[in-house]
Structures are given as C-alpha cells and as structure tokens.
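J.: Protein chains in written order, with the UniProt record's numbering: chain A, 1 to 777; chain B, 1 to 152.
You can take every hint at face value.
DSBU-like, lysine-lysine: derived pairs with alpha carbons at most 30 Å apart:
#: 1; chain 1: A; residue 1: 56; chain 2: B; residue 2: 2
#: 2; chain 1: B; residue 1: 83; chain 2: A; residue 2: 485
#: 3; chain 1: A; residue 1: 557; chain 2: A; residue 2: 579
#: 4; chain 1: B; residue 1: 83; chain 2: A; residue 2: 579
#: 5; chain 1: A; residue 1: 560; chain 2: A; residue 2: 485
#: 6; chain 1: A; residue 1: 485; chain 2: A; residue 2: 552
#: 7; chain 1: A; residue 1: 557; chain 2: A; residue 2: 594
#: 8; chain 1: A; residue 1: 594; chain 2: A; residue 2: 552
#: 9; chain 1: A; residue 1: 432; chain 2: A; residue 2: 644
Honestly, the hints are just simulated from the structure, not real lab data.
What follows is each chain in one-letter form.
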Amino acid sequence: MTSFGRPLTRNEDPRLLRGEALFVDDVELPGLLHVAFFRSPHAHARLLSIDVEAAKARPGVVAVVTAADLGEYWQPGPLLVPPPPVPGMVFHQRCQVPLVRDTARHVGEPVVMVLAESRYIAEDAVGDILVEWETLPAVGDLEAALQPDAPLVHDDLDSNIAARVHQARGDYAAAARAAHLVLKRRFIYDRGASIPMETRGVVASWDPRADRLTVWDTTQAPVVIRNGLAAMLGLSERQVRVVAPNIGGGFGPKMMMFYPEEVLIPWAAMRLGRPVKWIEDRLEHFFATTHERSQIHDAEIALDAEGKILGVRDVFLHDTGAYDPYGLTVPLNSQCTLLGCYVVPAYDSLFTAVFTNRTLVTPYRGAGRQHGVFVMERLLDMAARALGLDRAEIRRRNFIAPDAFPFDQDVIYQDFSRLSYDSGNYEPILDKALHAIGYDDFLARVQPAARAEGRALGIGLVCYVEGTGIGPYEGARVQVQGSGKVSLVTGIGSQGQGHATAFAQVVAEQLGVDIRDVEVVTGDTDQFQWGVGTFASRGAVVAGSAAHEAAKVVRQKVLKTAAAHFECAEEDLVLADGKVHVAGVPDHAITLGKLAGLANPMRGAVTPGTEPGLEATSYFGPASGATASGVHAMLVEIDRATLKPTILDYVVVHDCGTVINPLILAGQIHGGVAQGIGNAFFEKLEWDSEGQLLNASLADYLIPTALDVPRMRLDHTVTPSPLNPLGVKGAGEAGAIPVGALFAQAIEDALDLPAQGIEIREMPLGPSRLWEITQGG
Amino acid sequence: MKITIRVNGVGYTRDVEPRLLLSDFLRHEIGLTGTHVGCEHGVCGACTILWDGEPARSCLAFAVQAEGHEISTVEGLAPGPGKLNPLQQAFQDAHGLQCGYCTPGMLMTLTAFLAENPHPDEAQIREALSGNLCRCTGYQHIVDAVLRVAAA
Ligand code: FES
Ligand code: FES
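Turn these sequences into a full structure, and let the hints guide you.
T.: Structure (structure tokens):
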C-alpha cells in the first residue's frame, strides 16, 4: 500500500523517546572549554572601560575575550535578507556585532566572552568583570522613537527610521470617496518571544590534522551558516562542517545569521586549539535570542453598502529592535498578508521600521502575517457591525472567487516576487467551519440562552491565508544502499517537523519501500552541500519536491538496471516491497540492495557515460510561494469575575494542498494554535522605561500549559498547488496566524462589548489588560 | 567531594563540587543526556526525573543531595535496547512528540502519574501535565497518548 498521504507514525521517534537522540548540548569532547558571556546590563550605554584582570586570574579560566581582542575579526554581521526591490524604498543596514566595542544598544548584548574549564567557573569569572558605562537614554516606544528629539539608537543616522516601504495599487482616495462606509482604527500588536524548549547553543572543534572545523549549532539553516563561517574564518567551505542535530524547537529565531555566539565560538576553538561549548541559559535566551511582533497600525477600510471592500489603507510602525540583519521580512509579511482571502481593489500601505533599544526582531512562526490578519479581520468585524451584516457573510462577499486563480495581488512579497496566490477555494472552508462549530445554532439559540443565565459565551470566526513554500531552492540526494535501504539527504535542518518521516513517504512512494527503510539525513553539511534553510513553512514544499524528483530518477535507474538483469522491458517490471520482479513472476525477484550492487560493478567495462549506483540528486526551486488558507472558529466562555477565558470548542479547517502525512499535519496545526493562544492571551514581554525586560523567566513569561490549550477539531479541504510536483503547500505557521484576531472577536462577542461601545484592538490581552479594556481603558 | 548515586539501578561514583546540579551530574558527569534542561529554574519540567519513584526536577537539586536515593531517568524506561515501553510506544503511535525536547520530562512525570492513577480521564491527564511545558505539540497528542495507555 502506498504510504504517501497516510497518517504514519514517525521514523524519528524511537531514539527521541529512549533519550538517545543527539542535541547540541549532548556533544561532549575531550578538553572541552565552556563559555559564559558578560552581557550589557543597559539598554543603551557607551562602553568606557573593561577590567578583566580578576576574571583572567581566576583558577580554571583559560581566556577572556573582548572586542579589542578580536582584531580584524570584529565585523558587523552580514545582511541575511536584503530589502525588497520596491521603488522608493528606504533601508538603513545596521547589523549586530560580535561583542560590544563602543555602544551597547540593547540589554543582553554580549560584551566579554569568558572561556573556562567548566561553565560554573566561567560564570564565576563573569562576576569578576568590571565595566564602566556611560548610560544613554533608551528608546522603546515606537512613536516616541520617531520624535525629532528622540535619542538615536545609531547616532550616525539622523533618525531611528530603519526602513520605509510604500506599496500601493488602485486609487484608495477615490475608493474612499465612493464608499458607503469608511472605518478608521488603530491596532496595536505587542512583543512576544518564541521560547523553544531548547535554548540556543554552539559547540565548535578545530582538528589541526584534518585542517577542518566542526560546528554543532542549533540552527535552522546549517548550510548558510557553514558558508558564512568559512568566509569569516578564511577557510574554504569544504573545511567547515556544520551539524544541526536534533533541534529542540526552532520557530524562526534559530534561523539568524549571525548570532554573535555563532561567530565567536568557532573562532575561539580555532584560536585556543581546544573544543568550545556555549549553551544559552533561559535568562540569556530572553535577551539574546530574537523576538517578534511590535507593530502599531493606523488602518482604514472603505466599503460599499453591500459590504464589498473598495479599498484598504494602512500606515504602520514596525519595531525592528536594535539592528536589522533580517531585512524587512516581518513587516513585508504583515503588509502582504493583510490582503487575506479577499478582493481588495485599492490598497495603499506604508510601513516604517523603527530602531529601538531592544532585542532584535526576526521572524517567529507567523512572522508578521498575524499582524496583517489581525488588522484586516478586525476591520471586517467592525464593518459588519456598522452595516448590520453577519460576520461570516461579509467575509463570504469579499472572498476571491475560485475561478480567479492564479490571483495576482500585485504587491512585492518577502521572496521579492509579486505576490500571486497559486490556487484556493475559500467558501467550502468557511462552510465546513461554520457547520463544525454550529455557528447558526449558537447565535440563534445557545448564546441567547446563555446570556439569559448571565453567562458570557462568544463565538469567533476568522479567515486567513499563509504564503508558504518560497524559494529560492532546496536539494535532495536519494541513494539505494547496499543493504537495500534507501537514504535521503537534504541540506535543511529539522526542528521537530517530522521530515524524517514525511520525506521518507515521498521517497517510498516512488521506490516501493517501507518508510522505515528510508533513512533521512538532514542538517549535516558534510552530507549535503547545498541548501537554504527551514523557514517560511517551506521544508515539505521545497525540499519535499526535490526529494520527489530525485526519487523519480532513482526509480528509473532501478528499473533500467533490473530490465538489464531480467533481460526484459522496463514496462514489464513491478517495483514493490523493496524488490523488483517481472510481472506475473513474483517468485523471481531481485532486491534493491542487489540491484545497487549490479549498478556499481567492480571489474569489467561499462557503457561510456554510465553513472555508478542507484543514486540521484535533484534541486527544486519554485517560481513563487504556494498560498495555503484556512478558517479558525472557536466558542469561548469568559468568567465575568476573573475575565479568564475558557475555550469550549476550537475548530480549524485548513487547505494546504495535498497532504503528505495527516498525523504530522495535525501536530503542526495543534502546535501553531497553542503558540497563537500564548500570543493572544498569555505572552507579553514587559519592559520598563529604561529598556529593562521585567519578565525574563518562564515563571514570569507564561507560555500555555496543557490546561490552557483546548482540544482542537481539525478538518481539511484540498486544493493542490500547481507550483510543485506534489501539489503541497506549507502548513507550519497556519495554526498560529489567525488566533489573535479570533480571540479578539470571540471575547468581544462573549462580553457583548460592542454594545457598550468597546472594541478590542490590541494583542496580547491577558485578564488584567482585558479588565482595563472593559472599563473603557 | 566523592559521592555515589544510583541511577537506573547502577551506582556511579564521582568526585564533584557540592554546587553541581543533579541535572548536570546526569548529563555531563555520567553521560545520561536523555534528561534535558529547558530553564534551570524549575518551571519547564524538561529535567524531570524520578527520585525514589517520585517526579522531581533535577535542575533544582544538587547532585550531592541525591546520594542514597534511587534516581530514574528516561534511559531506564525501555524494556531493552531498541525497544519502547507501552507509554513510549503510545507517544509514537499518537504523535505525542515533535522536537522531542520536552519528551523525557513528560515521560517521567507520566510514569509516576500512571503508577498512581492507571486509568485517568482527560482532565486528570491535563492536570498532571500542567507542570511540563511543551512548545511544539499543543499537548493534544500527548493527552491522546496517555489516554491510549489508560485504555489498555
Ligand atoms: S530545566 Fe528543570 S524545570 Fe526547567
Ligand atoms: S515536542 Fe518540542 S517541546 Fe515538546
């Protein structure tokens, strides 16, 4: 039976379940040194002097490194993602540095690196370091940062503007003039953190005999790190091996180039001739691993009397933190994803990215898409109310029609191509969701009855699209081993997405083997030389397609080799259960392993041009991304005394094209929703006016527990993508994207806030903020 | 100081500093890296081990305190090399793990929980899990895994 599309359990699980899987902090090497960092205690301060003598003198300390000790190696990091080719765009590149040399620009920026025989000693020595600072006023508030007298994060610029991008099409002003209704609102989305359960870490080892560097790194993009490290360290790529073994959750922030620690640990290993390990502790993680999400939107929507959108205008500020190496991916996602499932004839969007004295902002699951969805979905809710329309109906009236695909949105997306939706069919998704959640019955019967009893029950219903599976490319190599097992190697890293299973299903489909006999290797640059990384829900789409193409070629080689062996036509062969036989003669089968041997003769001559083995490498690069879509619906009850929400039902209907493994897909959606719930109701980074983070621990920054995340009910529709051979679209971020908008709508509904003239226009909430809002604050 | 700690039925004698955390002892002194560390402040539960059969956070104990106690870790769960016990198998069957980083702590918490309450309902399972954070799964498939074991 074919394995593709079935809910198969995962190949990677047994080792993880037995505690045998390798994570970065599990790497132990003889002579290993341990690193701890002295980090800036100030959000903005000039560095006057550093005294490391006491630290150096501490027994067990091997080296203490400041910016001055790095010499020429001290360089600002490269720009990982250049800005988009939008005419008139402004972009000021200011990238992070390995160690603070002159000015610290956010709390937690590394200043001194201590290397010692144990982490305990290294941390003791950090306490010995004396640094003199001249503190400078810090900027955190986005609007204050743009005032003419604001302190400058980068004083060589004349403002805190990091970038400005204007994208427009159609004539919004004319649309607004012609409109029956124009609504204007301000929306605020505050900062959160990704909090993978495994923090970051780097281990590096220089082998002088092999003349090679090996780096174990919790990165989502090992090949990119390998190439960058080689360039910085003056090595050729073949001299550097980067391994991203099992990674304990990525969610975006483990895809950065470069974190200071990634630059420093390999350098130290080469300098000292000893292997070096640094593992981030949870406190460091809150300051030093990138954040996401502060934006302020001033948005307006113009509609006709029937509720058809005529145009949207949005002006927003985006907090990029102290540096902007990740370019404009996040605000571009917000700008583009706002358009959602809808026809928006006129769109005018201007964003300003702002430097602040805070940790850098880079993509975290959803990567700005949720901001766009929040703004658009909230505007539609408000418009529906003003026009006396049902929430579902106003969405239905504005959906892109199923025959309008491919649908050109005519804005530049994060992959620099013009955003075009490849395929979609939105009404069936909405109908399924309405039916599953019992929408009509809830509004007609359940809610009025609950209200009569004094209970605050509400329903939410939110639509979204997710641009996924963008280029440029990934590759995969498929090889039949002598054992008859099949190996699949690709350059991306895995952080729990089940690639070792999903890719095995793709390969097994072509080669007629059990998925347990497909050995998938990801995240080792010695195994595969080329690749970009795991981000933007692209692993299954791009690397999966490459695996499919490579497996197809290997299938041809298998059949060709078997045809020669059986002296028959390829068409007469059957490839199944790891063997090939002539149709009708299953007893005379030859195994894939034997065929691999035949394809690799040790003596004699071959036809010129013959390649040995049953192996193929393929690359896949989609012209543009595949657009997935979906609807989330939920029933919520709010405790009127505590304002704590209890989710009574949660439905996700999702269309991500062809599904490789429904079990893994369900897990991706569950996890995304859980993060969305955290983002909507629990998680908010709290700062004081000096730029100090006040809740930098898991005891203070609360991520959802098993008591906070409800049971979810999932359903799917399937509109295959025409842009890849599998028809798949990415699904990694879909769960997280609409949850904020959904909470806002459902809570408003439960507490009947609009009747009191109150709207929810911000994220995240939390009981105390919700209480303020209900009091009109 | 010299201590001997029994882990999964085997005695390990090491010379350690009094301040060495039990989690670091397990992971870095005796190489049992299955126990993970997610916060080192007692919140995430990734480092959960069994201390005389009771779940405990190995990041909140010093190794020296464990002398004379019976410690169990994830490496001791499977009935043999290459095998899984019923709870581990249920985790695989229900897709109860993604990155797998929280999983050892989950398994240890649940091992103690199921020993006391072999047939819990969903609400009891969620309560039992509420001290172990997972950032990947949204918990639903973990709950499903435990329900499978509870039904067996
Ligand atoms: S590492 Fe011990 S509870 Fe988090
Ligand atoms: S599976 Fe990744 S943290 Fe639980």
